[in-house]
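Modelling step: build the complete structure from the supplied sequences, incorporating the hints.
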Amino acid sequence: MAAPVNYSTKISAAQTFAEMQALLAQHGARRISVDYDASGVPSSLDFLLATPHGQRGFSLPASVDRMEALLRKEDAAGRLKAGSRAERTSRAQAERVAWRVMKTWLEAQLALVAAGMIDVDQALLAFLQVDAAGRTLYEVYREREAAALELTRGDSD
Numbered sequence: 023m024a025a026p027v028n029y030s031t032k033i034s035a036a037q038t039f040a041e042m043q044a045l046l047a048q049h050g051a052r053r054i055s056v057d058y059d060a061s062g063v064p065s066s067l068d069f070l071l072a073t074p075h076g077q078r079g080f081s082l083p084a085s086v087d088r089m090e091a092l093l094r095k096e097d098a099a100g101r102l103k104a105g106s107r108a109e110r111t112s113r114a115q116a117e118r119v120a121w122r123v124m125k126t127w128l129e130a131q132l133a134l135v136a137a138g139m140i141d142v143d144q145a146l147l148a149f150l151q152v153d154a155a156g157r158t159l160y161e162v163y164r165e166r167e168a169a170a171l172e173l174t175r176g177d178s179d
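Just remember that the working numbering sits 22 ahead of the position in the sequence shown, which is counted from 1.
Computed list of lysine to any residue pairs in SDA-like fashion (alpha-carbon distance at most 25 Å, straight line):
1) K95 - I33
2) K103 - E117
3) K32 - R113
Listed next, with one range per pair, are the computed distances between beta-carbon atoms:
4) R53 - R101: 36 to 44 Å
5) R166 - G50: 28 to 36 Å
6) V63 - S30: 19 to 27 Å
7) L147 - L45: 13 to 21 Å
8) A47 - D141: 16 to 24 Å
9) Q144 - D57: 22 to 30 Å
If you are wondering where the hints come from, they were derived from the structure by calculation, not from laboratory data. Beta carbons: idealized from backbone N, C-alpha and C, even for Gly.
In structure tokens, the structure reads:
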């Protein structure tokens with residue numbers, strides 16, 4: 023296994039947010055905001071984009087906890103080389119990397135949309151906000167996994 027993409031980035035999460043906001047604006051976003059957790063750490067980038075069914079909200083989470091765990095695991099396996107162990111496995115580094123990975127992913131998805139290969143709602147479906155609380159389709163699916171799987175079985179009859 024290779025080292026995680028962007029693991030050695032020095033680009034701040036704030037800079038990455040600015041780049042993501044510019045990218046989303048170039049693709050027609052009407053509203054862009056950052057949600058923060060109780061500790062004041064950015065937890066998601068939320069935005070409105072036009073879809074075939076009108077303006078829809080999307081929420082991209084950073085999953086910093088998961089990135090931090092991955093960096094620690096990969097460092098212990100000897101796959102991370104840049105910087106000191108403390109730097110490359112720090113919470114701050116996990117935040118920088120997590121947001122940088124999300125930006126890379128978003129760029130790829132929007133490139134597919136721009137090329138006409140997929141629709142924006144297809145690219146971002148898991149992150150579509152589906153209720154007033156701002157929960158995403160993926161979050162609701164996970165909460166109701168058995169019911170969602172049953173619905174898909176009914177469609178194939």
